[in-house]
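Chains A and B supply the protein sequences, listed in that same order.
So the first sequence is numbered by the working numbering: it starts at 148 and just counts up by one.
So the second sequence is numbered by the working numbering: it starts at 148 and just counts up by one.
These aren't lab readings, by the way, just hints derived from the structure by calculation.
Being a predicted model, the structure only gives us computed values, none of them experimental.
Everything hinted at is true.
Distance windows between CB atoms, simulated:
no., chain 1, residue 1, chain 2, residue 2, range
1, B, T213, A, G337, 47 to 55 Å
2, A, H383, B, V451, 32 to 40 Å
3, A, H383, B, A434, 26 to 34 Å
Which bits of chain B does chain A cover? Going by a derived footprint, with three or more residues having C-beta under 8 Å, they are:
no., stretch
4, 203-211
5, 389-397
6, 415-424
All residues carry an ideal CB built from backbone N, CA and C; glycine is no exception.
So the chains spell out like this:
Number of protein chains: 2
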Amino acid sequence: MQNRFWRIENRPQGTDFASALALVEEALPELAQGEIRIRNAMLSMDAGTRLWLTDREDGYQPPLPTGAPMTGLVVGEVVASRADGFAEGDLVRAFGVWGALSQVDAVMSGAIKLDPTVEDRRAWFGPLGMNGWTALWGIEETGAAKPGERVLVSAAAGATGVLAVQIAKLLGCEAWGIAGGAEKCGFLTGELGIAGAVDYKAGNVGDQLQVAGGIDVYFDNVGGPMLDDIIPCMNHYGRIALCGLLHDYSSGTRTAPREYDQILMRRLRVEGFFSPDFMDQGERLTARLRGWHEEGKLVMPYDVTQGLENTLSAYAKLFTGGNIGKVIVEL
Amino acid sequence: MQNRFWRIENRPQGTDFASALALVEEALPELAQGEIRIRNAMLSMDAGTRLWLTDREDGYQPPLPTGAPMTGLVVGEVVASRADGFAEGDLVRAFGVWGALSQVDAVMSGAIKLDPTVEDRRAWFGPLGMNGWTALWGIEETGAAKPGERVLVSAAAGATGVLAVQIAKLLGCEAWGIAGGAEKCGFLTGELGIAGAVDYKAGNVGDQLQVAGGIDVYFDNVGGPMLDDIIPCMNHYGRIALCGLLHDYSSGTRTAPREYDQILMRRLRVEGFFSPDFMDQGERLTARLRGWHEEGKLVMPYDVTQGLENTLSAYAKLFTGGNIGKVIVEL
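Hey, can you work out the whole structure from these sequences and the hints?
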């Protein structure tokens, strides 16, 4: 059986993914014991995967070698299975391959069966997906946000950010978001109805944040120099839930906060977190998110690209701020 | 009644305290309601007070104005009181004045009565003092050190560090210290019997730490570029208990860790802490420290200078690495 997929040829420079990934066709090996073959219906585009395309050994996961298929979250139907608990026809989500098919070890790929009665299948990449888990965990556990506190989220118009500001609001916090441009900011304060939005393209974030007042929880997806504008806005005993470093992924430089001393002076807590660490809490997290989702309380705009061959331009949006909400490729 | 004390004349440059502080004599005003007058027996030298001598408004406490007496922890006898609960003859510790006398509001100065039966009065600045509270809190609460974990302490031959490594060991951890020079390192592994010591003057700290293995808790008194050697040695889910930034106080520059992204990649937690925040836990903390102290399990070398007029050279030792253990001025 032939598979068409994106193969890593080189390490990409910036967002020039076309020089680094090639769409190739290869025969799949026989299905091994423990493996499933998924016909991918959708690919999830996630900024964190950019690290796997570098040579950096000190990322949260080792890099993918050149010559390997590009990996990412997929949703699709099982078309063949030699793994316990998975049968032909099952709808599943797994860390699969950017391709027509994903042939993966069921356990290693974190494959889980999805409830086929959920009408909005895209939600498995949104409120009911990793982004949902990450948003809920970061606000409630790592950020330890309490009702009445002020929560600020960067990349707030991205998939995780959109959920994080809404979850903060659902938990009784005053939610603020940072995004690039008037359209995104209007979406945050308009459609999502959060307390305020700061357009980082419209001037110094710190100056603009003065109107908000002190920040108790900063859910940071970005890092970079913006962090130096935000740390001085943090209230004493504030928490920075460090979810991502989009600045670093995009620029190839590394965040080095000049305001680090304020962690001491204001007795802040900065903590990194990462969704695979709380996979074992997945069912509980999903149940809560599903409740909110079914009540229509977790809005998610989807930025959908059709066709495997258009994957790279969809992926690039994550790093150029070209999207609102979840970027998905549908096959 | 006349008082002789150190007055802040200018903001000091580096460790040139003689150009910034002057020993002057002035008449004390009448004792106001709520105040006590203490005949200082000992002054505690603490690196954290260096911030109060700057113009920086973003420190953990506002700067002391020029023209004001220099403030610090004192131990002494009450010679006059208009404050409830304090009487002539009481032995007390308070935030007082670098002078012969401290005339302070009992509440504002955090004055507490000390048990006069404790033979070793210097211990009120050591194991039974703020340094003891800070060490215990940082290891156990902020650092959340668990038995069997590896704990690393910077400025380990300083007053807080000496206690932190010993407390880590008492709590069942493997304790390592960083200090400058063979004498200090020999003291740590010899007299204190901790697992290992790293001489930061003898080469790259990170390279030397390779023999230790991964660090679970880093009790950081220093910050600075050394942090970039240590973060890559942290185990996943490690904690950095940020107690002080001696590097910044000494150099006038600000710590800006290049390895910040590893907080995300390794899911580290960095948290600032500061002893006045847990004053309400003081009795409980002191009781535990006193138990260990009475069993002889908390060794503290004292670096004692005699005479108020010699205060500044004692103070400078904190910033030049000139001391082992607690620096005290006795009057």
